[in-house]
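Asker: Use these hints to put chain B onto chain A, whose structure you have.
There are 2 protein chains.
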Amino acid sequence: MINKLVDKIKKTGAPIVVGLDPNLKFVPSVIIEAAFAEYGETLEGAAEAIWQFNRGIVDAVYDLIPAVKPQIAMYEQFGIPGLVAFKKTVDYCREKGLVVIADIKRGDIGSTSESYALAHLGHIQVGSASVPVFEEDFATVNPYLGIDGIKPFMDVCRKEHKGIFVLVKTSNPSSKEFQDRIVIDDDGSQKKLYEIVGRAVDSWGSELMGDSYSYVGAVVGATYPEEGRILRNIMPKAFILVPGYGAQGGKGADLVHFFDKDGLGAIVNSSRGIIAAYQNEKYASYGETAYADASRAAVEDMISDIRTAIDNR
Amino acid sequence: MINKLVDKIKKTGAPIVVGLDPNLKFVPSVIIEAAFAEYGETLEGAAEAIWQFNRGIVDAVYDLIPAVKPQIAMYEQFGIPGLVAFKKTVDYCREKGLVVIADIKRGDIGSTSESYALAHLGHIQVGSASVPVFEEDFATVNPYLGIDGIKPFMDVCRKEHKGIFVLVKTSNPSSKEFQDRIVIDDDGSQKKLYEIVGRAVDSWGSELMGDSYSYVGAVVGATYPEEGRILRNIMPKAFILVPGYGAQGGKGADLVHFFDKDGLGAIVNSSRGIIAAYQNEKYASYGETAYADASRAAVEDMISDIRTAIDNR
Chain A
1 MINKLVDKIK KTGAPIVVGL DPNLKFVPSV IIEAAFAEYG ETLEGAAEAI
51 WQFNRGIVDA VYDLIPAVKP QIAMYEQFGI PGLVAFKKTV DYCREKGLVV
101 IADIKRGDIG STSESYALAH LGHIQVGSAS VPVFEEDFAT VNPYLGIDGI
151 KPFMDVCRKE HKGIFVLVKT SNPSSKEFQD RIVIDDDGSQ KKLYEIVGRA
201 VDSWGSELMG DSYSYVGAVV GATYPEEGRI LRNIMPKAFI LVPGYGAQGG
251 KGADLVHFFD KDGLGAIVNS SRGIIAAYQN EKYASYGETA YADASRAAVE
301 DMISDIRTAI DNR
Chain B
1001 MINKLVDKIK KTGAPIVVGL DPNLKFVPSV IIEAAFAEYG ETLEGAAEAI
1051 WQFNRGIVDA VYDLIPAVKP QIAMYEQFGI PGLVAFKKTV DYCREKGLVV
1101 IADIKRGDIG STSESYALAH LGHIQVGSAS VPVFEEDFAT VNPYLGIDGI
1151 KPFMDVCRKE HKGIFVLVKT SNPSSKEFQD RIVIDDDGSQ KKLYEIVGRA
1201 VDSWGSELMG DSYSYVGAVV GATYPEEGRI LRNIMPKAFI LVPGYGAQGG
1251 KGADLVHFFD KDGLGAIVNS SRGIIAAYQN EKYASYGETA YADASRAAVE
1301 DMISDIRTAI DNR
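Heads up: the protein sequence lines correspond to chains A and B, in order. Residue numbers for the first sequence follow this note's numbering, beginning at 1 and rising by one. Residue numbers for the second sequence follow this note's numbering, beginning at 1001 and rising by one.
It should be emphasised that the hints constitute simulated quantities derived from the structure, not laboratory data. Careful, some of the hints might be misleading.
[Said to hold, decoys possible] Simulated pairs of lysine-lysine, DSS-like, Cα-Cα distance not exceeding 27 Å: (1) LYS237/A x LYS1176/B; (2) LYS1087/B x LYS87/A; (3) LYS1191/B x LYS1176/B; (4) LYS151/A x LYS1237/B; (5) LYS191/A x LYS1191/B; (6) LYS192/A x LYS1096/B.
[Unchecked claim] Computed spacing ranges between beta-carbons, pair by pair: (7) GLY1188/B x ASP187/A: 41 to 47 Å; (8) LYS159/A x LYS1025/B: 49 to 55 Å; (9) GLY40/A x GLU1095/B: 24 to 30 Å; (10) MET209/A x ASN1312/B: 36 to 42 Å; (11) PRO1173/B x ASP187/A: 21 to 27 Å; (12) ASP1211/B x SER212/A: 38 to 44 Å; (13) ASP1187/B x ARG158/A: 42 to 48 Å; (14) HIS1123/B x VAL30/A: 51 to 57 Å; (15) SER212/A x GLU1095/B: 43 to 49 Å; (16) SER285/A x GLU1095/B: 51 to 57 Å; (17) GLU1095/B x SER130/A: 32 to 38 Å; (18) ASP180/A x ALA1129/B: 37 to 43 Å; (19) LYS4/A x ASP1211/B: 51 to 57 Å; (20) SER1111/B x ALA253/A: 24 to 30 Å.
Built from N, CA and C at the ideal position, the CB exists for glycine as well.
The shape of chain A in the complex, shown without the other chains (with noise of 0.2 Å):
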């Protein structure tokens, strides 16, 4: 899968993976008016509204990008109908060609860590049957429980070829408090914690490689961009999975160290910026009925924006 994601970044010419996280906030109100009036002010209704509006962001954008990166938790706030409307908009997509990453960030131990995996990636054993369950190509997985909550994982990995990011370094403000705590590493040097993580990603990674890059991937923030060009270096073969960018902050020009010399190993997320595009004075001229427009708009900018900072740099 980590071959198909590269392959598709190519082809695409795109770097970059749309986080489908609908917030109600986003939904422009006749869908939302349409799926109330099927299913009241309920989690059913709130479900309907966000799958609809997935679905139109997906057939405007499915052709110029590579991959979505759907967050779990704005579907589990919804509830079992919220993660119908997940599974819905992971078939969805994978119907239409692109790479789901699936934004879970898991962690657990063993025969637990196990569960997840298979959930999402894989299948599950279920008397002589293997259902498969989730059905998405990559997840986000936390490295705080260390190597046992991520080998299980990478056996899934090995097996379905699918691949994970693990959070190494995350984009929000507060990622310094303990991910920047300074490490006396076993040599008696001194690291940041993050970069005794990205050490084990480089490390984990390299025993499941793919072409070029590793099944293993690692997430650091666009927010921090000197950390990635530290990152970049340590785990030289794991694809970096960047959020941050756009509302959260961050910007072409600062994401230029998270790419190798070739101009890949990085793949950029934005959200907010792509799917409630309409809702920012920029793209407020298509209104909301053509709210999947202006997410069209939108990535077309994104795009150009990142590859105007490759090539530039």
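Answerer: The following block gives chain B in isolation, referenced to the frame of chain A:
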């Protein structure tokens, strides 16, 4: 809810929680066969089997214990039907008067973390309606992203009188990989990372106190008794959720330092050791049809083991 948990521990004399982590391998064949006869070897069939299994155990032990801890991964692995079984289990346990600690280990940032918090501990706004979603009482939370991931949970806990347990030192062997790293503290002294995280839990929790303990608790594995002693001192107001008893190797005598001088302040989890007791040689005479009675006997033995250890310290 932390006050309710403390009250129920006092009333039952049982500082223990039963982990409802149903693996199909634990479910007696008679239950499996009935579920597959009705739904086939499908996710629905698996979900029906674990729900019936759970109900039997809850009916057999609910009067002995203050709380249950369903591990959501064991339900999520069966997709939407599995999560329906999770919700049915949560609802059933609450009807029985049990405190429900949802072992979800979620951790994200900003509005995403808020979505998880609202889904599991609060209400979600859908139009003009405020809708409860999964309705657990406590949730486990991963600290790797710092306060940005914790504060949204704390805000919901404050409003709803619910609580969280933050992962500090997990029970698995590789928890040392990052959690035990030597960190240079702000004053130049050296501490383990879990001590830094524990100190943060203490600080966060001081803003959100119940009568005797904070709504912000901590997870510290039974497999690390010395670290439990250290963390008990660092976080005097945090209730400690202690996994790793029984199947993972922790014994009652190892646990005395997790409790404070009143014999409170900690709650010890056992999952497989209780719910699959009938598969253990010690309780094998019950046979699989009386699996729930075996679980009751295992609960009684666990309470006795821990109470004896506390009384003899």
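Asker: Does each hint fit the structure? Answer for all of them.
Answerer: Hints, one by one, checked against the model:
Pair hint LYS237/A plus LYS1176/B holds up; C-alpha atoms about 25 Å apart against a cutoff of 27 Å. Distance check on the hinted pair: LYS1087/B and LYS87/A sit about 18 Å apart at the alpha-carbon level, within 27 Å; holds. For the hint linking LYS1191/B to LYS1176/B, the alpha-carbon distance of about 13 Å falls within 27 Å, and the restraint holds. Note on LYS151/A and LYS1237/B: the hinted pairing is violated, with a Cα-Cα distance of about 35 Å set against a maximum of 27 Å.
Taking the CA atoms of LYS191/A and LYS1191/B, the gap is near 15 Å; set against the 27 Å cutoff, the hint holds. Between the alpha carbons of LYS192/A and LYS1096/B the distance comes to roughly 48 Å, so the proposed pair goes past 27 Å and is violated. Range check, GLY1188/B to ASP187/A: Cβ separation about 20 Å, and the 41 to 47 Å hint is violated. For the pair LYS159/A and LYS1025/B, the supplied restraint of 49 to 55 Å is violated, since their beta-carbon distance comes to about 20 Å.
At roughly 25 Å, the beta-carbon separation of GLY40/A and GLU1095/B lies within the given 24 to 30 Å, and the hint holds. Between MET209/A and ASN1312/B the C-beta distance comes to about 54 Å, which lies outside the given range of 36 to 42 Å. In this structure the hint that PRO1173/B and ASP187/A lie 21 to 27 Å apart at CB holds, the actual value being about 23 Å. Separated by about 59 Å at the C-beta atoms, ASP1211/B and SER212/A break the suggested range of 38 to 44 Å.
For the pair ASP1187/B and ARG158/A, the beta carbons lie near 45 Å from each other, so the given range of 42 to 48 Å is met. Remark: the range hint 51 to 57 Å for HIS1123/B to VAL30/A is contradicted by a beta-carbon distance near 26 Å. Taking 43 to 49 Å as the suggested C-beta distance range, the pair SER212/A and GLU1095/B does not conform, at roughly 55 Å. At roughly 54 Å, the beta-carbon separation of SER285/A and GLU1095/B lies within the given 51 to 57 Å, and the hint holds.
A hinted range of 32 to 38 Å for the beta carbons of GLU1095/B and SER130/A is consistent with their spacing of about 35 Å. Checking the proposed 37 to 43 Å range against ASP180/A and ALA1129/B shows it holds: the Cβ atoms sit about 42 Å from each other. The beta-carbon spacing between LYS4/A and ASP1211/B, approximately 56 Å, falls within the hinted interval of 51 to 57 Å. Hint check: SER1111/B to ALA253/A, Cβ distance near 26 Å, so the stated range 24 to 30 Å holds.
Figure legend: structure checked against the earlier numbered hints; hints not met, in rising order: 4, 6, 7, 8, 10, 12, 14 and 15.
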